[in-house]
Structures are given as C-alpha cells and as structure tokens.
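To convert a position in the sequence shown, counted from 1, into the working numbering, add 318.
Simulated from the structure, these hints should not be mistaken for lab results.
This list has only true hints and no planted wrong ones.
With a cut-off of at most 30 Å between alpha-carbon atoms, the simulated DSBU-like pairs for lysine-lysine come out as follows:
hint: 1; residue 1: K438; residue 2: K546
hint: 2; residue 1: K408; residue 2: K389
hint: 3; residue 1: K422; residue 2: K408
hint: 4; residue 1: K438; residue 2: K422
hint: 5; residue 1: K523; residue 2: K546
hint: 6; residue 1: K408; residue 2: K438
hint: 7; residue 1: K546; residue 2: K389
hint: 8; residue 1: K523; residue 2: K389
hint: 9; residue 1: K389; residue 2: K422
hint: 10; residue 1: K438; residue 2: K389
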Amino acid sequence: MQVSPVLLLVDDDPDILASLAIHLQADGYRVLRASSGEEALRLMAGQPVALAIVDLMMPGMDGFETSRQIKRRADIPIIVLTAVDSEESKVRAIELYADDYVVKPFSYAELAARIGRVLKRAWPSGPPGALERVDDHLVIDFAAQTVEVDGEPRRLSPIEAKLLQILFTNAGRVLPNELLLDRVWPDAEGEMSYLWEYIRRLREKLGDDPAAPRYIASERGVGYRFLKPATRQP
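All chains, full assembly: derive it from the sequences and hints.
See the structure below:
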C-alpha cells in the first residue's frame with residue numbers, strides 16, 4: 319500500500335502557506351507547513367517527504383541554507399518559490415540545489431504542472447509514502463517509526479528510522495559510508511562505528527541476514543544500498 323506523497327512547504331507568509339496547502343490537498347497531496355527553516359527540518363524528521371517547496375527570503379535561516387540542510391538530510395527535489403527574480407539568484411539556486419525556480423506572483427496551475435514534472439523525474443517509480451509494503455515479508459511505517467516483519471510489529475528508534483528512510487528512498491543506489499554518516503550523524507566526523515552498529519541493529523529489526531541480504535546489502539569498503547525487488551535473495 320502506498321499513500322499520497324508528502325510535500326513540505328516552507329514560507330514565512332502564512333497566507334501563501336494556507337492557500338498552497340488548500341490547493342495541494344485538493345490535488346491529493348499531503349502537506350507539511352513550516353514558517354521557518356528550523357521548523358521545516360523538525361517536520362522532516364517525522365516522515366518521508368517527496369518534495370520541498372522553499373521560499374528564499376525568510377528571517378533567520380534563509381531559503382538557501384534551509385535547502386542545503388534539507389539536502390543533507392534527504393535526497394529529495396526542491397522547488398524554489400520566491401519573489402526574487404534576479405538572474406544571480408536563479409543561477410545560484412539551480413547550481414546549489416534547486417530542481418526548479420518559480421517566481422511570485424505565480425499561477426497555481428503552472429506550479430502544479432511543475433510539481434508533477436519534478437516528482438516524475440525524481441521518483442520514476444512513484445514517490446515514497448508514509449506506509450510502504452516492501453514485499454510479502456516487510457511493511458514500513460515511516461510516520462509511526464515501525465516495521466512489520468512477517469506480521470510482527472517492531473519499533474524503530476529515531477536514528478534507525480532515519481537511516482532506513484535514507485536507504486529506502488535511494489533504493490538501488492550505493493550510498494557511501496561517508497554520506498550516510500554525514501546525513502545521520504553530521505557531527506560524528508568519521509566515526510564509522512556509529513554507522514556499522516546501527517546498520518547491524520537495523521538488519522536485526524528487519525530480519526535481514528548480512529550473508530544473504532534481502533534488504534540491506536553492503537558494498538565492502540564503499541557503503542550500503544537498499545535492494546530493489548529484482549535484486550533480492552529469495
């Protein structure tokens with residue numbers, strides 16, 4: 319079962335947040351609303367986000383830094399939605415992180431089309447939902463931070479859930495050890511023992527045998543990847 323994708327809206331203008339949320343929810347999306355970069359990062363920790371829409375000009379953490387921090391935590395597409403119409407700003411945003419750049423004022427129809435295009439490009443097999451039936455053995459509930467293995471529910475710690483979310487949303491890709499360490503423990507500075515221990519714990523929760531992995535495969539000396547169905551051991 320896959321539920322509707324979650325979009326993260328980040329803007330300090332409450333009217334824009336409210337209006338966008340109404341339109342997006344009417345189109346079937348689930349919406350998280352944040353009025354600051356700091357709030358956006360807190361909301362992201364609770365469930366997987368398929369796409370973020372970020373304003374540039376915000377007090378405190380601006381849109382550039384907010385987007386940089388979002389990218390550190392999850393490999394998701396970002397659309398900039400801003401009143402800044404300068405070429406310099408557009409180039410900087412696109413070079414750093416942005417998948418698209420929309421200038422205010424805007425029409426919702428245009429924004430909706432851009433959202434659909436970016437989602438299809440970023441998630442060709444469909445964006446992640448809060449509840450994912452991986453196969454006949456495993457169901458992941460990212461919102462509740464639990465997994466169900468052969469019908470048995472098992473709770474994940476916040477770190478285990480975050481690590482699993484990063485691996486799952488990048489299924490099929492080898493994620494380097496250094497990248498995983500930076501995403502989950504940004505202040506650990508090379509302490510690979512953290513990563514190894516939590517991979518061990520996560521495999522145990524998933525009932526995964528590292529010698530014949532069904533879900534999490536290790537690439538010796540490189541990193542880890544979440545296996546797509548076609549590459550799993552029977």
